[in-house]
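Visitor: Next come the chains, spelled out residue by residue.
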Amino acid sequence: MDVAVAALEDLAAWQRVIDGYAPLFEPLATGAAVGLVPRFFADAIGSRRSAAMPSTPTLSMLEWRKRDGRMRVQPGIYRGFEGLGVDLLFLAGDGALEAVLAREEHPLGEMKRQLRAARIQFFVFRTKRELRDLGYEDFVEALGLPFLGACR
Amino acid sequence: MTQRPGESQLPHLFRPGRIGKFPTRNLIKYGACCVSNYNGRDGTITPRELARMRVIANTGCGMITNQGAYPDPRGEGKAYFRQVAIFDDKFLPEFETIARYIHDGGAIAIQQILHAGRYGGIDLGYCIQPSVVPQTLPHFRPPREMTKDDIRQCVHEHAEAAQRAVKAGFDGTEVTSFMGYLLANFNSKFTNQRTDEYGGSTKNRGRFMRELIDGMKQATPDNPLIIRLNGAELMDQWGGNDEDECFELMAQAVDCGVDMISVTVGWQEAPESSIGRDIPPGYWNHLAARAKKSFPDTLIAFGNRLPDAGMANDCIAKGEFDFWEVCRPLLADPEMVHKVAEGRTDEIRRCIGSLNCLSRLFRDLPYTCTMNPALGHEVEPEYAITLATVKKKVMVIGAGPAGMECAITAAKRGHAVTVFEKSDRIGGSLLGYAAHDLARPDDLLSVIRHYEVMARKLGVELKFNTEANAKFMRSMLHQFDACVVAAGARTDMSAYDRLEGRERLVDAIDVAKGKVQPGKRVVVIGAGKVGLVVAESLRKNGAEVTLVEEEKRIAGDVMPSFKWRHSAWVEELEIRTLTLSRVTRVTADGVHVANGKGETFVAADTVIAAGPRKSNQELFRDFEWMIDELHGCGDAIMPRGLDAAIQEGYRLGVRI
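In order, the protein sequence lines correspond to chains V and H.
The numbering of the first sequence is the numbering used here, which starts it at 2 and goes up by one.
The numbering of the second sequence is the numbering used here, which starts it at 148 and goes up by one.
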């Protein structure tokens with residue numbers, strides 16, 4: 002539990018990650034948002050590990066949201082897929098977010114690697130056209146997500 | 148009926164079979180692997196579809212599965228833009244026609260019922276699933292959780308659809324979970340997170356399937372029911388079922404009395420390949436073998452990435468499965484089974500796994516086939532090969548895919564065809580591509596082998612080592628009635644005219660053809676398919692490779708279904724890639740590259756130009772006043788790729 006939250010707590014470190022890739026987020030429309038959730042919490046919501054789930058977690062999600070021309074990190078509470086209010090969601094397995102933060106020189110490269118290795122799982126809440134209209138093309142490309150194409 | 152020569156060579160595949168009370172003439176099942184998208188937006192079957200099914204009905208299979216129809220009037224089960232519907236009797240006449248075609252062709256007829264679940268609701272603002280689990284691909288609709296009433300209604304609609312199919316004359320029905328459709332959504336713990344009796348344990352997750360089977364069996368007690376189930380979802384890394392759970396679910400289906408299990412592999416969202424060209428044939432056979440061993444009294448059908456009849460025959464002989472389920476190879480060559488049966492296997496046009504078909508489906512387009520230009524045009528007489536009214540002498544310049552496709556098509560129509568080729572063999576630029584392909588060169592080389600065989604059998608004359616130019620043409624005056632320029636394309640070296648040190652550049656095509664041996668440190672300018680293939684191959688063979696691309700992204704001219712593969716190879720091989728970058732100077736030691744971050748130097752022994760390609764169009768001007776008919780096709784018109792080359796070569800061949 003502590004491990005799952007620890008990676009979320011250093012908001013300043015996550016803001017540095019985002020700022021390091023500012024050009025990727027420039028095309029995003031105001032309000033565009035990405036969520037990062039340790040898989041621990043998602044599994045717990047899905048009642049698989051409910052015994053380990055605290056009744057009211059105070060921090061279970063990071064939200065990257067475009068506000069005032071900048072992608073900003075803010076803490077959030079994950080209550081399941083419904084009504085989440087993000088466009089993309091990353092569910093991170095044990096240690097995955099820590100690994101992203103640890104790779105200071107290229108954290109998104111590490112995120113891409115974790116996605117490929119299925120240690121981070123990815124969900125979309127928008128169609129391709131909507132994502133394009135919201136300005137996600139570069140970000141999605143940088144993470145290699147289009148390569149997870151259908152029927153291969 | 149007399150046994151044909153190939154049938155005795157593959158005795159297991161061609162022996163009679165049976166499903167339920169219905170005998171089959173062989174153990175080949177045409178699988179409804181994907182929908183055609185040829186139909187009405189309202190689910191009605193069109194003349195285009197009927198014409199295609201008439202061809203499929205005559206493929207020679209023992210069992211033919213008609214493509215998946217969605218069973219609900221709301222369209223929640225509808226996955227594809229122009230998918231067929233079977234929720235009302237108003238659709239019956241066309242289904243009756245298809246069933247009749249199949250029976251007339253000598254096969255038993257199976258109708259697949261396809262509720263797409265999390266991939267459905269294409270015309271709606273939502274899709275339905277056992278639980279709300281968003282998709283991992285940005286193509287689908289937001290999910291809604293099914294209530295128990297929804298589940299009951301869904302089972303009822305499947306049963307009604309099965310009844311309707313039988314009423315239309317089909318002998319049996321099939322329900323599919325492939326590749327991540329509703330049935331799979333219930334079965335998988337990835338998408339089924341319900342806490343009621345339909346979720347949780349494998350037994351509970353399988354409840355929907357058991358009710359579905361029960362409902363359909365009760366509705367059509369005298370007709371076989373086939374169920375398509377994953378032997379592997381390939382979603383286990385993301386919380387889906389592992390292989391053992393997949394087989395537990397199969398056991399439940401067997402206990403419910405299904406007549407056949409069609410074993411499949413993978414979901415659309417699976418993070419790894421299942422049916423692409425990078426998967427070797429036979430790779431998944433172990434799943435079928437496990438199913439057969441586990442359920443010896445239930446028929447097992449299998450065909451994922453098993454495109455070869457000989458291999459299928461061996462598998463049946465070994466008891467690994469009972470029916471060879473085949474679809475895409477029959478799209479590539481609807482005559483395949485007959486060619487095998489008649490011992491003409493060398494004439495088969497192999498499915499090369501380009502996945503052009505599926506790439507188009509996911510863009511809401513009708514599917515087509517790289518290897519079969521007539522697919523989807525069966526209803527149009529203009530696409531049929533008919534004897535030419537006027538027999539002509541046709542010269543084709545270039546023995547690449549476009550030229551050869553045109554040549555053999557024209558020859559089938561009765562024309563006398565001569566192909567002039569500057570190199571010493573058939574293949575054109577495909578040869579160079581195949582030589583460096585990391586996926587499966589044999590697929591590409593099979594295209595060349597096919598042309599070699601057909602040219603020989605059709606009497607197409609091949610003149611190698613012959614450079615076609617104005618002087619050559621003058622020597623040919625009045626000897627031919629028509630000329631087809633299929634001379635391909637070349638690297639546009641003029642694009643580098645202003646580049647300092649351009650004389651040091653090496654042409655990527657020359658590298659691909661082995662005319663130039665690059666050094667150990669290589670820079671490739673241009674990360675389109677030519678540059679990528681060369682770069683990947685050189686890197687694989689130990690060179691240090693840097694790709695420089697002016698565009699934002701690599702693989703801009705690569706087929707959508709294969710872009711990811713190149714990107715993954717570039718990463719896996721650790722090929723340095725500089726996008727939004729331009730080479731400003733080439734020196735003896737390397738290249739200077741400019742981009743938004745400034746200028747950088749990349750050391751290199753060899754600098755390969757793989758930038759824009761230019762059509763070899765000069766011959767059109769040279770030949771214009773020298774021949775009655777002058778035509779062109781393929782890259783000679785505009786540089787593209789194999790698909791366009793074959794399609795255009797054929798279209799030209801059927802009308803000269």
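Keep in mind that a hint or two might mislead.
Quick list of in silico lysine-lysine cross-link-like pairs, PhoX-like style, CA-CA up to 25 Å [unchecked claim]: (1) K237(H) x K295(H); (2) K129(V) x K237(H); (3) K113(V) x K687(H).
Short, incomplete list of chain H residues facing chain V, as computed with Cβ under 10 Å [unchecked claim]: (4) E292; (5) Q340; (6) Y430.
Read the hints as simulated data drawn from the structure, not as lab findings.
These figures come from a predicted structure and were not determined experimentally.
A virtual CB, placed ideally from N, CA and C, is assigned to each residue, including glycine.
Visitor: Now look at each hint and say whether the structure bears it out.
Guide: Status of the hints after comparison with the structure:
1. K237(H) x K295(H): With a Cα-Cα distance of about 28 Å, the restraint between K237(H) and K295(H) is violated, given a limit of 25 Å.
2. K129(V) x K237(H): Not OK: K129(V) and K237(H) at ~35 Å, beyond 25 Å, violated.
3. K113(V) x K687(H): This hinted pair holds, its Cα atoms lying about 22 Å apart.
4. E292: 9 Å, holds
5. Q340: 4 Å, holds
6. Y430: 13 Å, violated
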